[in-house]
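So you can see what is in the structure, the chains are spelled out below.
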Amino acid sequence: MHVLPYLVAAYVFLTGCYGLAASRNLIHAVGCLAVCQCATYVLLLAVGYRDGATAPVFSDVKPGSRPVVDPVVQALTLTDIVVGATVTALLLALVLQIAKRHGTIDPDELRELRG
Amino acid sequence: MTRRTAPRAFLLAAGELLAWWAGLALLWLVLITTVDTLERIVGASCAAAGALAARAGRRAVTWR
Amino acid sequence: MNGWILAATVELGGGGAAALWGVATGPPARRLTAQNLTTSVVCPALLLLAQGYARPAYVDLALLLALLGPVGTLVFARLLSGEQVSGPNVRGATWTAAGLDAAVVVAVCAAVGPGRSMVKLLLIGTLLIGGNIIASRALAGGFRGVGGG
Amino acid sequence: MSDAVTVVALLLVAASATAAVAQRDPARQALVLSFLGMVLAVLFTVLQAPDVGLSQLAVGSALTPLLIMLSVRKVRRRGRTKEERT
Amino acid sequence: MNRLRLGLLAVGGAGLAALLVAACLDLPDFGGSRHPYGDRAVRASLARHIANTIASVNFDQRAYDTLGEMSILFAAVLGCVVLLREARDERRARPEPAEVVRPVRRYALLVLPVALLTGLYVIAHGQLSPGGGFQGGVVAATGLHLLYLGADHGALERVRPLGFFETADSLGVCAYLVLGAAGVLAGTAFLANTLLPYGTFDTLSSGGTVPLLNAAVGMEVASAVVVLLAHFLDQAVEIEEEPGR
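Residue numbers (the numbering used here), protein chains in the order written: chain A, 1 to 115; chain B, 1 to 64; chain C, 1 to 149; chain D, 1 to 86; chain E, 1 to 245.
This is chain A alone, in the form it adopts within the complex:
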């Protein structure tokens, strides 16, 4: 249990990398990149977790009455998710542009076109 979340994060990252490398469709590759990003969220939040603690949001608990988890990594993860969503959108726009210019979104066919 002490390392399970970290191992899951590593596994998810490697799975996403495999999908990126083996992908035959650029939209599918963008989805695999989103999976890779999920690994970073899991890793960051696992680092900040504390056993038996609750969220550092004091709208419904009294400050100091319960131990709280680390808010800094949560803020980092929040930024991570925003940037991840914008990266997905920008990459999808690029894929559409590639589809328009080259008529295909298969990476292998794209390589043949160039060579």
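Bear in mind the hints are in silico, worked out from the structure with no lab data behind them. Since this is a predicted model, take the numbers as computed values, not measurements. Where a beta carbon is used, it is the ideal one built from N, C-alpha and C, also for glycine. Mixed in with the good hints there might be a few duds.
[Said to hold, decoys possible] Not the full set, but computed from the structure, chain E residues with beta-carbon under 7 Å of chain D:
| # | residue |
| --- | --- |
| 1 | Pro-130 |
| 2 | Gln-135 |
| 3 | Val-138 |
| 4 | Val-139 |
| 5 | Phe-232 |
| 6 | Ala-236 |
Once you have looked at the hints, place chains B, C, D and E on chain A.
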């Protein structure tokens, strides 16, 4: 729209907006925990925005 | 560890695994149905967790999911409407999920007691069950009249 | 014992990530990705990060699927019009 | 070629996996009780009467980072607008209006204002309960697109003046910058939260500039998502290539 039906249409529009506003303001009061003056002001303006959006959406859909 | 979290664990373990199996395998129509049912599995789990951690603030997550989950299903129903074969008979699954949602909402309401947070829970339940039924209606041919638009 | 829910959420995340990568068709992958988004939101709640869970729900349940499905539709429509012309 | 690539991937992946596992075993244990930065962040947040520590980290203690995040979002939306614009060899074809069954249409019309209000609630209570400008902005913008799902693209276009949302997007970024610069003018530092009184703990006006920055981010995100989806929808539904090319 003729001149005679104009006030009627106006009343209908105002009624629709007011109904949506009341419902959404009630929803805001359900969502929040502590009620104070600023909370009421913000809630009322957000509910007004929601009511305008509701009417605009309904008009857009039954346009044709 | 209390009963609420145990219930959430059981629900997530059983319902989540079943929904994942349904989403990842089989014909497109079944995948869409399973995606719709995911909302009704995850949202009660969030409510149970909020109750288990004694944090009313966590209920906001369930509210957002009850609003956006059916919207996500509508996205798929709308944009896959070209290839989607006619919807299977999912009435049983839909009503089972609705019953589960209602049971969880009623249980959490009973624990919370009357007040503003109970109204909020009832609102979440209404949005969840209504959205679920509408989304399954949309899957069963609600977008049949939609052309390329 | 109180870690059981964490373990279940982590295993669901790992399994759905695998399933998302294993789908070859982007539309079907988008379905699994929306499932992954919801399971991640549960995991974040269990790890006591409701803010992060909220933003994952907002992005993962409707926005990302909508973007991916719109891209899929655009690419398919291009393919169709080209076939009609040739 | 393909087999070679997969072999290379397997070797690299195995190496990376070994390194990652070694790193995981060396990380502090999951659930440990030593979080020096977290404890300090919570103390700083409580000193400024902000109930949601994550909002305090995002908009007060690390507000400069959020400025970077905002500019990434702004730049990405700008990039998408440029990439997805209507090119010279394309034309618009209006799709015929769609017929959606009545329950779905009514559901969309009823839930649209509720989603909008919930989004605004999440933005406004960002510094109190879980939520904030980003989450609420995305919810509000997604709620607006129920009009596309429940009716058609034409209906959405009638209630969505795109120029207005483009302006609101830029205004949100500008408001954030101006609020930051106000700190400089007041004699402290850029984005320093010393301008306004901290208010009563756990009320809407607590936290100095945090609620204002939060609202600016909410406006920016909501309009950015609307603009982004507008261009994707245009590409998917209306724009097609000029025939005969």
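Hints versus structure:
no.	hint	verdict
1	Pro-130	4 Å, holds
2	Gln-135	4 Å, holds
3	Val-138	4 Å, holds
4	Val-139	5 Å, holds
5	Phe-232	4 Å, holds
6	Ala-236	4 Å, holds
Violated hints for the displayed structure: none, as all numbered hints are satisfied.
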